[in-house]
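Q: Below are the chains, spelled out letter by letter.
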Amino acid sequence: MTKNAIISVKNLVKKFGNFTANDNLNFEVHEGEIFGFLGANGAGKTTAVRILSGLSAPTSGEVIVAGFNARKQPEQIKKNIGYMCQKFSLYEDLTVKENIMLYGGIYGMNKKLIRERTDSLLKRLNFEEYGDRLILDLPLGLKQKLAFSVAVLHQPKIVFLDEPTGGVDPVTRRQFWEMIYETAAGGITVFVTTHYMDEAEYCDRVSIMSEGKIVALDTPAELKKQYNVGSVEEVFIKIARP
Amino acid sequence: MKRFLGFVKKEFLHIFRDVRTMIILFGIPAAQILLFGFVVSTDLKNAQVAFLDLSRDEMTQKISDKICSSGFFRRGETLLNFDDVDKALRGNKIKAVIVFEKNFGRKLISEGEADISIIADGSEPNMATLTTNYLTAIIADFNRELAGTSAAATMLIQPEVRMFYNPSLKGQFMFVPGVITLIMILICALMTSITITREKEFGTMEVLLVSPLKPIQIILGKVIPYFMLSFVDVIMILLLSWLVFGLPVKGSLILLLAESMLYILMSLSIGILISTVSSNMQQAILISLVGMMLPSVLLSGFIFPIENMPEVYGWISAILPPRYFIVIIKNIMIKGTGFLFVWKETLILMVFTAVAIGLSIKNFKIRLQ
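Just so you know, the sequences run in chain order P and L. Mapping of the first sequence onto my numbering: position 18 corresponds to residue 18, and the numbering continues sequentially without gaps. Mapping of the second sequence onto my numbering: position 35 corresponds to residue 35, and the numbering continues sequentially without gaps.
One thing to keep in mind: the hints can contain errors.
[What the hints assert, rightly or not] DSSO-like mimics (lysine-lysine), calculated; alpha carbons at most 27 Å apart, straight line: (1) L:Lys214 - P:Lys111; (2) P:Lys112 - L:Lys214; (3) L:Lys200 - P:Lys143; (4) P:Lys79 - L:Lys362; (5) P:Lys145 - L:Lys9; (6) P:Lys72 - L:Lys362; (7) L:Lys2 - P:Lys112; (8) P:Lys111 - L:Lys2; (9) P:Lys15 - L:Lys362; (10) P:Lys79 - L:Lys107; (11) L:Lys9 - P:Lys111; (12) L:Lys9 - P:Lys143; (13) L:Lys200 - P:Lys15; (14) P:Lys72 - P:Lys97; (15) L:Lys9 - P:Lys79; (16) P:Lys79 - L:Lys200; (17) P:Lys72 - L:Lys2; (18) P:Lys79 - L:Lys214; (19) L:Lys2 - P:Lys157; (20) P:Lys87 - L:Lys200; (21) L:Lys214 - P:Lys72; (22) L:Lys214 - P:Lys15; (23) P:Lys87 - L:Lys9; (24) L:Lys200 - P:Lys72; (25) P:Lys97 - L:Lys9; (26) P:Lys238 - P:Lys213; (27) L:Lys200 - P:Lys97; (28) L:Lys9 - P:Lys112; (29) P:Lys112 - P:Lys143; (30) P:Lys97 - L:Lys214; (31) P:Lys87 - L:Lys214; (32) P:Lys97 - L:Lys45.
[Unchecked claim] Pair by pair, the computed Cβ-Cβ distance ranges are: (33) L:Asn363 - P:Glu62: 46 to 54 Å; (34) P:Leu140 - L:Tyr313: 31 to 39 Å; (35) L:Asn363 - P:Asn110: 32 to 40 Å; (36) L:Leu298 - P:Gly17: 39 to 47 Å.
Derived from the structure by calculation, the hints contain no laboratory data. All C-beta atoms, glycine included, are put in the ideal place defined by N, C-alpha and C.
Isolated chain L, as found in the complex:
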């Protein structure tokens, strides 16, 4: 046991002395969570819209006021003619231009119909869709108000939409679980595979194998520090997302931490497996990044919904562990569900862990053939 503890201590020294390792362990997770939280925000806040008002009457004034007081939009410049529309959009600040036709108010009252056009910047498809959806909703709302005050009230079905679990549709709710999932697989799989292949490459592995340390002790000694530090990472990310973005853990924190441990364990096993099949660090990095990271980002459901993928990609995604952990962590963090709702995914992660450990043992050349 003493032998083993000395060996674990040495691994901690390696980690704490290497600036790059420390950055990967603690800098990247913090940066990722802040980056995704602040920059890749999918909600609309204070987007600038410009107005081209060819009518300038009470009605157009009311509508533009309503749009700009919604909180989603901010009044940008006021345009004078159609030539300005293109110029305004090219400036990149204006996300959409709203055009009221001539005699808008009069037409609306006398004919009961008037036209507004919304011109959005299609070079940013997500933003354009969001903007137009919000604008249409605001205008529809205005329509209903108008109908309500006029004598000829029309029958209207008003759907009342509520977003469960994430009422204000905060983007961070999506990204925090995703980032935890990705970061853990990055740190655990990549770092363990690197640290083990490094010993192979430098020849120290041979000396260790000749020593009285058992192979299982060597592997555990290399993995335990990463297990502990990854766990610290999970706690750090949860704290950050709670303090900075106000994202609470709705379900049981204990369950969430236990599931995280399982996921870390699985990622570490995958890292060990990678190290048994690669003979140098470059190879290990390549397999971890291209083989694990890329598919995890693209196919785990983190960014693109699995339901919308072509069937084949769905199959590939089924063998990616992050996909299941994202479901688990979202359920616990955001929906606040208990173990009963995530036991299937938990079981799948356990199977992944067992398979990775089994294959590693089979691959690990205990006696260095």
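Looking at chain P on its own, in the form it has when it is part of the complex:
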């Protein structure tokens, strides 16, 4: 490996009672890449993301995220990651600026820095006139973009995106992915779960989970070659559906 691993997972097992959600996972995510984490519903994606983000402790195995051990130092991990989940996560009864101020504050940024980043962020998104509007009044696409921007406001080492584009129209989805590219170009590693297979094509590397195991992991091009098909979607159908 020439690149540095920012996430390193060895023999990760997570059990809930008798049910094994993650069955001996092994993989690495490199610094600055866009890593796609695919799998059918119930394949164990969300469980793995929770462990990686310090929300849940692994049953066994070694998980290192941004240099910290997920079992022993979840609090350190939390400071170094950003997180955006499936459900929309900004407060609807607060304004755009208040939301940014809140999350910036939670991640320990000082007010001056927050204000600077807020201004540049709003400018970049052509959002300036929305600064003092309630989130409630924004269209879904804008909200989603804003949620992503807030998740990387403190410039974390890694950002976890848990099905970030659910329920968003294709145009916004496209713009959203442009934002993801920009972020990755800025040096932030992007770890994204999705079940839109066309999105998988945008990733540097993808892993595919099925029944708690990782069954494939490579670049989209390599996977297509290996399975001799034209798209990641066909790869997925071939291996994830028994």
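We have chain P already, so just place chain L on it with the hints.
A: This is chain L only, laid out in the frame that chain P set:
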């Protein structure tokens, strides 16, 4: 610490921006205290009574004057015959009808005995009991006066009744402590359980848990604003009851406020506990209202005395925190007693608080299994 303050500020913004929350926090307590104070009054004042005087002599005149000048009753219509009695009571304005028999005065003087009947409206049992009790007392009084002036004075034992702590038996004295007790448990338990489950439901809880904020900071941040506002509520209710109903705090105000803080803390802990066992807002509301409010209203001794309840209800009431706080607050506010008289109840509230916090910590899934 800075992280935490920002988070507390956000919670205040949620509260101040939501009209419904503001109404529950400040509108309902004020409305309740005024409602209970003015409407649900248990004392008799200017109740209308009608007279059916079949005798029309000096004696009946004296008695009816005495009744109507007592301050408790007001003279209603004068009836002419028995058929009017039913009609008068049906009108709802007349609470009781007093009937003097024929030749009342003459009989009383010659035979030493005459009959008065009091016909009360039994469809309002409380009112009827009150009315008849007051009327009988007034008539008994008249009897004694009569006995005193006549030559043949009879030996009479005259009990002199005094109501300690609440000499004029004002109903508000009963209701203010009760309302404070209920309102606090409503606001604290209901509102905290709603606000925490709301974050769960909207998915923001997950984001907060992934953030560097510690779970304990998240919980405290959500609870502190409600603690402060509830305390403002207590002060508001005390001020209202003092300014509007003239109800003073007889005992130590400091002690009363300290006990209120303990009670608020306990209610908040119960709210947190409710939020840890419910997965959405409806569930939290249901548990708070049905599980906390109803039993508190019915079984805490606020409306119905615990001593009169069937034994089983008494047991249930023993595990309801409001029951103890009502005792504390009545003792301090009305009797003016000190800590020595309420330490047992205080200790029980502390135990409730500790148990609720302990169970919440056990339940709260810090790492969101």
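Q: Compare the structure with each hint and give your call.
A: Hint check:
1. L:Lys214 - P:Lys111: holds, 21 Å
2. P:Lys112 - L:Lys214: Satisfied, since the Cα-Cα distance of roughly 24 Å is no more than 27 Å.
3. L:Lys200 - P:Lys143: holds, 19 Å
4. P:Lys79 - L:Lys362: Holds, at about 25 Å.
5. P:Lys145 - L:Lys9: Holds, because 25 Å separates the two Cα atoms, which is no more than 27 Å.
6. P:Lys72 - L:Lys362: With a Cα-Cα distance of about 21 Å, the restraint between Lys72 of chain P and Lys362 of chain L holds, given a limit of 27 Å.
7. L:Lys2 - P:Lys112: holds, 14 Å
8. P:Lys111 - L:Lys2: Holds: Lys111 of chain P and Lys2 of chain L sit about 10 Å apart, inside 27 Å.
9. P:Lys15 - L:Lys362: Roughly 21 Å separates the two Cα atoms, so the pair holds.
10. P:Lys79 - L:Lys107: violated, 98 Å
11. L:Lys9 - P:Lys111: Satisfied, since the Cα-Cα distance of roughly 14 Å is no more than 27 Å.
12. L:Lys9 - P:Lys143: holds, 22 Å
13. L:Lys200 - P:Lys15: Distance ~23 Å between Lys200 of chain L and Lys15 of chain P Cα, so the pair holds.
14. P:Lys72 - P:Lys97: Distance of about 35 Å is beyond 27 Å: violated.
15. L:Lys9 - P:Lys79: Judged against 27 Å, a Cα distance of about 21 Å means the pair holds.
16. P:Lys79 - L:Lys200: Holds, because 21 Å separates the two Cα atoms, which is no more than 27 Å.
17. P:Lys72 - L:Lys2: holds, 25 Å
18. P:Lys79 - L:Lys214: It holds: about 11 Å lies between the C-alpha atoms, which stays within 27 Å.
19. L:Lys2 - P:Lys157: It holds: about 22 Å lies between the C-alpha atoms, which stays within 27 Å.
20. P:Lys87 - L:Lys200: holds, 11 Å
21. L:Lys214 - P:Lys72: holds, 15 Å
22. L:Lys214 - P:Lys15: It holds: about 25 Å lies between the C-alpha atoms, which stays within 27 Å.
23. P:Lys87 - L:Lys9: With a Cα-Cα distance of about 23 Å, the restraint between Lys87 of chain P and Lys9 of chain L holds, given a limit of 27 Å.
24. L:Lys200 - P:Lys72: holds, 26 Å
25. P:Lys97 - L:Lys9: Measuring from Cα to Cα gives roughly 14 Å; hence the hint holds.
26. P:Lys238 - P:Lys213: The hint holds at about 15 Å.
27. L:Lys200 - P:Lys97: holds, 23 Å
28. L:Lys9 - P:Lys112: Given that 27 Å is the threshold and the Cα spacing comes to 18 Å, the pair holds.
29. P:Lys112 - P:Lys143: Holds: Lys112 of chain P and Lys143 of chain P sit about 24 Å apart, inside 27 Å.
30. P:Lys97 - L:Lys214: holds, 24 Å
31. P:Lys87 - L:Lys214: Within the cut-off at roughly 21 Å; holds.
32. P:Lys97 - L:Lys45: violated, 59 Å
33. L:Asn363 - P:Glu62: 46 to 54 Å: With a Cβ separation near 30 Å, Asn363 of chain L and Glu62 of chain P fall outside 46 to 54 Å, so the hint is violated.
34. P:Leu140 - L:Tyr313: 31 to 39 Å: violated, 52 Å
35. L:Asn363 - P:Asn110: 32 to 40 Å: holds, 36 Å
36. L:Leu298 - P:Gly17: 39 to 47 Å: Holds, at about 41 Å.
In summary, the structure is inconsistent with hints 10, 14, 32, 33 and 34 from the numbered list given earlier, while agreeing with the others.
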